[in-house]
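A.B. asks: Based on the provided sequences and hints, a complete structural model is requested.
Protein chains in written order, with my numbering: chain C, 1 to 337; chain F, 1 to 337; chain P, 1 to 316; chain S, 1 to 316.
Any given hint could be a false lead.
To be verified - Cut-off 20 angstroms, straight-line C-alpha distance, at most; resulting in silico cross-link-like pairs (DMTMM-like, lysine to aspartate or glutamate):
#, chain 1, residue 1, chain 2, residue 2
1, S, Lys189, F, Glu337
2, P, Lys271, S, Glu308
3, S, Lys271, S, Glu236
4, S, Lys271, P, Glu270
5, S, Lys189, S, Glu235
6, P, Lys271, S, Glu270
7, P, Lys189, C, Glu337
If you're looking for bench data, these hints aren't it; they were derived computationally from the structure.
Each chain is listed here by its residues.
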Amino acid sequence: MAQVVPAEGDMRRVIGDGEARPDGEVEGLGEHELLELYRSMVLLRTYDERSVVYHRQGRIGTYAIFWGHEAMQAGAFHALEREDWIFPSYRESAIGLLRGMPVETVLAWWRGHPAGWWDPRAFGVASIAVPIATHVPHAVGFAWGKKLRGEPVCALAFFGDGATSEGAFHEGANFAAVMRAPVIFLCNNNGWAISTPVSAQTRARNLVDKAFGYGMPGIRVDGGDVLAVYEAAREAAARARAGEGPTFVEAVTYRCAPHATADDPSAYIDEERVAAERQNECVGRYERYLRRLGVLGDDLVATIAAEAQDAMRAGIAAAESLPEPDPELVTRHAYAE
Amino acid sequence: MAQVVPAEGDMRRVIGDGEARPDGEVEGLGEHELLELYRSMVLLRTYDERSVVYHRQGRIGTYAIFWGHEAMQAGAFHALEREDWIFPSYRESAIGLLRGMPVETVLAWWRGHPAGWWDPRAFGVASIAVPIATHVPHAVGFAWGKKLRGEPVCALAFFGDGATSEGAFHEGANFAAVMRAPVIFLCNNNGWAISTPVSAQTRARNLVDKAFGYGMPGIRVDGGDVLAVYEAAREAAARARAGEGPTFVEAVTYRCAPHATADDPSAYIDEERVAAERQNECVGRYERYLRRLGVLGDDLVATIAAEAQDAMRAGIAAAESLPEPDPELVTRHAYAE
Amino acid sequence: MEAVNDALHVEMERDENVLVMGEDVARAGGVFRATAGLLDRFGPDRCVDTPLAEAGILGTAVGLAMAGWRPVCEMQYESFSYPCLDQLICHVGRYRWRTNGAMEFPITVRMPTGGGVRAPELHEDSPETYYVHTPGIKVAIPSTPADAKGLLAAAIRSPDPVVLMEPKVLYRSPREDVPEGEYVVPLGKARVVREGDDVTLIAYGGMVAVAEAAADELEAGAEVIDIRSLKPLDEETILASVGKTGRAVIVQEAPRVAGFGAEIAALLAEKAILDLRGPVLRVTGHDVPFPFWSLEEEHIPSPARVVEAAQQLLAY
Amino acid sequence: MEAVNDALHVEMERDENVLVMGEDVARAGGVFRATAGLLDRFGPDRCVDTPLAEAGILGTAVGLAMAGWRPVCEMQYESFSYPCLDQLICHVGRYRWRTNGAMEFPITVRMPTGGGVRAPELHEDSPETYYVHTPGIKVAIPSTPADAKGLLAAAIRSPDPVVLMEPKVLYRSPREDVPEGEYVVPLGKARVVREGDDVTLIAYGGMVAVAEAAADELEAGAEVIDIRSLKPLDEETILASVGKTGRAVIVQEAPRVAGFGAEIAALLAEKAILDLRGPVLRVTGHDVPFPFWSLEEEHIPSPARVVEAAQQLLAY
Ligand SMILES: Cc1ncc(C[n+]2csc(CCOP(=O)(O)OP(=O)(O)O)c2C)c(N)n1
Ligand SMILES: Cc1ncc(C[n+]2csc(CCOP(=O)(O)OP(=O)(O)O)c2C)c(N)n1
Ligand SMILES: [Mg+2]
Ligand SMILES: [Mg+2]
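C.D. replies: This is the structure we're talking about:
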């Protein structure tokens with residue numbers, strides 16, 4: 001149950017460490033669902049790793065890496081229904097893939113091609129938000145608007161630790177609580193805002209403590225534990241649908257890759273910590289869990305990996321064969337025609 | 001001691017009710033200080049009541065009434081040292097009087113006369129802030145800047161319950177906590193933002209709960225109890241000077257007058273509640289306390305009242321005898337000359 | 001003001017997706033009473049008192065539009081709309097484009113504007129330039145109660161976001177007969193307030209009355225044009241008038257530099273250069289903060305200043 | 001870029017009240033490396049990584065100025081300065097006036113500006129109009145490394161708030177020799193980049209290079225003027241040039257309507273009307289959001305478009 005704050009200090013976990021800490025399980029998740037979660041994580045991981053390569057090859061522009069955040073993204077995603085909307089930041093640029101968005105669409109976005117825009121209604125995924133936290137009120141307004149229409153839909157907004165410092169986050173969170181909007185605030189606390197550590201971003205013990213000031217429940221989970229994230233988000237979605245309003249979920253991860261392809265973290269980051277985090281990365285943790293559970297073996301791992309690789313190969317090919325955008329396009333779509 | 005939140009639900013009080021609840025006392029306050037507090041409250045009350053009359057007489061423009069907030073204002077003020085700066089909102093327009101600002105200066109502000117501006121350095125009082133909450137970061141920057149200079153100075157920002165919904169409040173509060181700026185956030189929770197009740201402003205149990213999300217201590221006091229406000233602000237100032245950073249003080253009052261002379265609350269307010277609050281108004285509560293204590297009698301009450309009346313009479317006369325502003329002034333002072 | 005209130009009633013009646021939101025718009029019916037009666041008539045779901053956060057108002061309006069609503073946001077005073085410039089520039093003006101034109105964002109932002117009401121600072125600004133310069137946004141400023149109703153209706157029905165700035169001086173204007181029921185003044189059409197052959201006085205909002213007063217004083221025939229819709233702009237009407245008179249005085253209350261009057265002057269310098277018989281003159285507010293109200297007459301363009309400029313042109 | 005970094009080192013050395021603050025300016029030395037080395041050299045009190053909140057940065061800078069500091073705020077990209085427009089308009093530009101001129105607010109706001117760098121949306125805007133139109137604010141935009149250093153020094157030393165917009169294309173320009181040590185380019189002075197008698201090409205920031213390229217292609221003698229300081233504006237230099245050539249083409253990357261180019265055109269329409277031998281032409285960005293970068297060449301004025309405008313004038 002989402003505790004009315006002050007939130008628990010320690011993080012919720014489900015996946016054990018294969019040693020001292022035993023594996024838990026999430027009620028209602030059968031083998032099929034468990035494997036779907038895995039497929040999503042692998043697809044995201046593959047998308048991310050390929051994109052970094054494409055960037056080096058000059059096939060896409062600057063790219064915001066999300067390596068190590070796949071559990072946080074996939075776990076939250078799978079807790080939603082198809083009608084629910086997702087409001088991603090640039091860090092979740094590929095979240096649409098999990099809703100069937102073509103790989104080339106997302107790649108086109110990073111290639112600066114207008115085919116990188118989509119109709120949010122087609123996937124229930126809002127446009128990628130570039131300005132920090134400004135999409136948070138959008139998610140709140142959408143959720144509030146759906147509630148006014150009596151539709152049992154909720155909205156999930158992804159944002160980072162740094163985003164919590166912005167007025168836009170604050171105003172959105174407060175509106176959500178006041179309007180009892182069915183929103184899930186999914187804060188990806190990866191420890192860094194580019195070069196600024198979370199310790200220089202806030203004095204709060206934990207980011208989840210912020211929920212208290214809005215009178216909303218907060219949950220703090222291990223963001224590298226896909227099952228813990230899934231369970232927390234599902235709980236938040238249930239509250240939202242039950243008319244109980246918003247929930248703040250702090251998913252604790254670690255940014256063990258550069259902020260973006262343009263960034264060189266060596267100046268500010270602790271390389272040892274990064275190495276340790278990469279060791280304990282979320283896809284591997286979940287894969288080992290599934291193996292311990294006996295639902296995943298070498299063959300299936302290989303198949304799923306191959307599927308993802310194929311999707312990316314086809315995606316980049318399609319993106320690169322998109323015709324040059326029509327120059328006429330530059331003056332269009334700002335206003336109704 | 002300022003408790004690290006979650007803050008106590010109930011309000012701190014010092015003044016008793018003359019019946020069941022006994023009078024308390026504040027350590028270090030002698031007869032002289034107690035009477036200074038009273039003088040300040042009477043001056044503010046007189047200023048406010050006269051201003052409403054002046055407005056009716058067309059001698060000043062629209063005016064933001066603060067009747068019933070004198071304890072909150074005077075109590076906080078007297079907890080400060082002369083070097084400390086005050087950042088008032090329009091609701092504390094006359095706070096400068098307590099620092100020796102001429103009455104005509106404040107009246108000139110409400111008369112739309114340039115003589116209503118002052119040099120903040122002269123009184124340690126920033127300009128009256130009209131846009132809600134935007135002065136909060138100013139107080140934070142000032143306090144932080146003084147701290148960087150090693151000067152043991154703190155800043156106090158007055159703002160309302162509605163102001164806590166603005167991004168400017170959030171960003172300022174977060175900066176203050178991160179920079180450990182010596183600031184006192186004095187939130188005058190008078191229950192209303194014009195016609196919007198605090199219940200429609202936030203879902204937080206109490207506004208003081210917001211302190212928790214910034215990792216700063218919060219204190220909730222009865223804003224009609226001048227001694228309780230004084231003690232809380234003094235405690236916050238001590239923390240600030242000790243390098244322990246900001247404190248959020250929620251002073252619970254009630255706006256038992258219209259928002260401003262232009263406002264008609266009858267459409268939205270509970271007249272009975274207003275009547276009850278006016279019954280229990282702060283100046284009378286303190287006066288009865290002082291009488292019970294035996295430090296105040298009819299003569300002194302009369303003298304202090306007369307002093308205040310005289311100050312106002314002289315003030316309005318001076319304001320009205322100010323020469324019409326020089327038309328040349330309209331193009332000056334936007335840039336250095 | 002009754003005109004604005006009337007328009008809101010009519011449009012909310014007409015389209016159940018229209019939702020009014022802002023500070024003190026419901027319980028109090030707005031500090032200028034523009035939304036009076038809407039709460040009782042349409043209920044708390046469609047007339048909403050929001051928390052005190054302008055960026056939150058406009059930001060949630062974007063989401064409401066995504067959920068199928070047509071939000072009409074009230075900014076209590078023009079100066080309190082500044083916190084939402086971020087949402088306006090980053091999202092309101094860009095989101096349709098961001099969907100390759102697939103989604104509409106029919107958001108209306110209403111705000112009082114201008115001085116002349118003897119109010120404290122930041123209650124008398126004229127910030128239209130910030131809005132007009134922002135791509136994806138349309139901007140209209142009425143100068144009569146009828147236009148206040150008609151332009152608001154057009155804004156609410158527009159598929160694009162519209163900033164509607166209502167001159168405060170207009171709120172105080174005597175109740176003038178306004179068309180009953182549905183009444184729409186299309187965006188993009190200027191209004192020829194009065195015809196004249198010698199000089200064109202171009203104004204909008206509160207300055208239209210100033211231009212008219214100046215026209216009364218002038219011996220020469222002054223044509224007064226009320227721009228009404230700043231974006232889209234009715235270039236035709238302006239060029240036709242200046243083509244006829246060859247003389248143009250632009251009246252703008254906002255600070256001079258990069259004000260909207262400069263865009264009109266630039267239009268004339270580009271497309272009417274052969275018609276001009278003299279310089280294009282701008283009568284504007286000074287490049288200073290709007291002054292304390294005891295000095296506001298020194299700041300706001302006066303009929304006398306407009307007359308002076310026109311005479312300078314006529315004598316050119 | 002080295003020029004900006006150099007200026008910051010020199011000015012912080014020169015005046016111990018200068019303090020640099022912003023997102024990622026200390027540990028990382030700025031995403032464009034403009035503040036590299038300042039943390040080590042001047043310590044964490046004078047080079048501060050702030051929380052991620054632009055309005056908080058500028059709002060606290062106002063307070064820092066009250067405490068005697070000269071804050072130099074970095075906005076990571078121009079589009080991320082929009083959240084602080086509220087503080088800029090309500091306070092930064094007004095506070096000195098609010099003290100009847102008694103207090104100074106020597107605040108500098110640095111930001112990269114403009115497109116041409118193939119970045120995601122909201123990394124390529126040109127928002128100078130918002131700043132230029134705001135009373136109490138000064139605005140400068142360099143087009144060379146030397147000016148980037150000199151204008152930044154002037155901004156930091158200015159008693160008034162200055163918004164300094166640094167074209168991103170300039171960051172990538174080849175290291176060109178910049179004066180060593182203290183170097184100040186006074187605000188309010190335009191630069192005649194090259195002389196010519198037939199047509200004046202007026203530009204600023206990234207568009208100066210475009211104007212120069214156009215001048216190279218033109219047969220006729222083109223005079224290229226770099227406005228450099230948008231506010232205060234050097235009217236004299238502009239009027240002298242157009243007085244000579246009688247032809248003016250204004251180049252602006254920002255969206256057209258109510259852009260700063262309109263102010264220049266208005267200036268000419270008012271004060272150079274008898275000199276003009278043809279219309280005042282503006283070559284500008286379109287009134288749309290800055291496009292996805294595969295289309296940015298279609299949006300940013302090109303030398304070809306400038307040449308076309310100039311030829312149209314020469315043939316007029
Ligand atoms: C309003 C705004 N300011 C600054 C930036 C530049 N910027 C891009 S990412 C980033 C850090 C964001 O940190 P966080 O919120 O923790 O998200 P993360 O990148 O870690 O996922 C910054 C400052 C921006 N995009 N928007
Ligand atoms: C940014 C901004 N938005 C709106 C207003 C208009 N306004 C003036 S007072 C007020 C209510 C403020 O309520 P609160 O913060 O509780 O302070 P109080 O008036 O009760 O002292 C509003 C909305 C404003 N002054 N500034
Ligand atoms: Mg982060
Ligand atoms: Mg209040």
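A.B. asks: Hint by hint, which ones does the structure fall short of?
C.D. replies: Per hint list: zero violations.
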